[in-house]
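2 protein chains.
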Amino acid sequence: MAIGTQVPEAIARFLHEPTPEEWLAEACGRVPEMLLDHANCELKAASTAMGFLYRYADRTMLAQRMSKLAREELRHFEQVRSIMEEMAIPFERLSASRYAGSLRDAARTQEPYKLLDMLLIGALIEARSCERFALIAPRLPEKLGSFYNGLLASEARHFEHYIGFAQSECALSAAEIEARLAELKDIEAKLVSGPDPEFRFHSGKPM
Amino acid sequence: MAIGTQVPEAIARFLHEPTPEEWLAEACGRVPEMLLDHANCELKAASTAMGFLYRYADRTMLAQRMSKLAREELRHFEQVRSIMEEMAIPFERLSASRYAGSLRDAARTQEPYKLLDMLLIGALIEARSCERFALIAPRLPEKLGSFYNGLLASEARHFEHYIGFAQSECALSAAEIEARLAELKDIEAKLVSGPDPEFRFHSGKPM
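The listed protein sequences derive, respectively, from chains A and B. In terms of the numbering used here, the numbers along the first sequence are unbroken and rise by one, the last being 213. In terms of the numbering used here, the numbers along the second sequence are unbroken and rise by one, the last being 213.
Worth flagging that the hints you see were computed from the coordinates, not collected in a lab. Just to be clear, a hint being listed does not mean it is correct.
The list cannot tell twin chains apart, which means a pair is met if one copy fits it or any two copies do.
To be verified - Cross-link-like lysine-lysine pairs, in silico, DSSO-like; alpha carbons within 30 Å at most:
id	residue 1	residue 2
1	Lys149	Lys74
2	Lys50	Lys191
3	Lys196	Lys50
4	Lys74	Lys50
5	Lys50	Lys120
6	Lys149	Lys120
7	Lys211	Lys74
8	Lys149	Lys191
9	Lys50	Lys211
10	Lys196	Lys120
Remember, predicted model here, so these are calculated numbers, not experimental data.
This is chain A alone, in the form it adopts within the complex (with noise of 0.2 Å):
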């Protein structure tokens, strides 16, 4: 058992539901799916990171950040599935939870609302990520759990490129940017606190 996990105290502040005990232990009995929503979810946050970069290819300081953090969530993508082979967990398709299309569909379509939104659905996937890695790794075998461990300052610190680039970038006040994250908040908490049908890394409870 990896041991002293915690939440960082600025996610668990930032997040308005913690996760559920009941996806905590439905996570425990379906570590194979788990891993294998969890391999998908670095490619998707890989993608995303990408599409800032098309999107806002002038912007240097954003460009360039979220290309190192493709990377970086490419390289958790290759370690996900190393341990899948360690641990003969087969590849499988696996349709995408609601949470990250859900979060998607809120966000609005007109500039600088946009980059506004997605910077800070950004920042909540993230930290719900560093979230849920803290809570689960005691949960699980050693080496599993120690990986979960190494993710979090990964996440940890996405989270804040994500929250500093809403901050700098998007030419809005402070007040205008914290009612639109509180917002979001909610959205994402009801996601993660509220019944869900399916199981999948960010799924809600379990039906």
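Please arrange chain B on chain A, whose structure you already have, making use of the hints.
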């Protein structure tokens, strides 16, 4: 001037036509555009590698390698962007050259021919990039020339990976692969040696 760059023999033998001298002369006079297009090419190369990852996610070896390859291309993207910053070259939108699109249009749509063609096209693009880096490096300012020299080795490795996967992943005979490769080499050679109204990293003979 960076001295002593040579096109690796395996690359020179692989390509049906060498880059025309006219393209080299043009490129030396249009370094900012070349760098801008080069940055875009690295990004597209990363996206292409990730496309394999999504489409053939159940092939672990291919997935792991393509993920690493995407990371390398993204790293190169960041390096090109840094050099552009240093040289005070502003980022601008640039239309894609006809090169990669025309090659992709030649890919068949049925499996396993689609996978084969996409891998062979990947090998061709890497080989051509490698050849052009080698040819232009000695004519560029030292720092940029050294950077291009450094990219040579990566591109040559990527070329080998693409060829290796074409041989191992498609369950087609060596003769069939060779015949198809010869066809694609001809298409590629025409694109880089035929007249081209637009200057890009992979463009043809300037008109």
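Hints numbered earlier in the text: which of these fail when held up against the supplied structure? Numbers 6, 7 and 8, in rising order.
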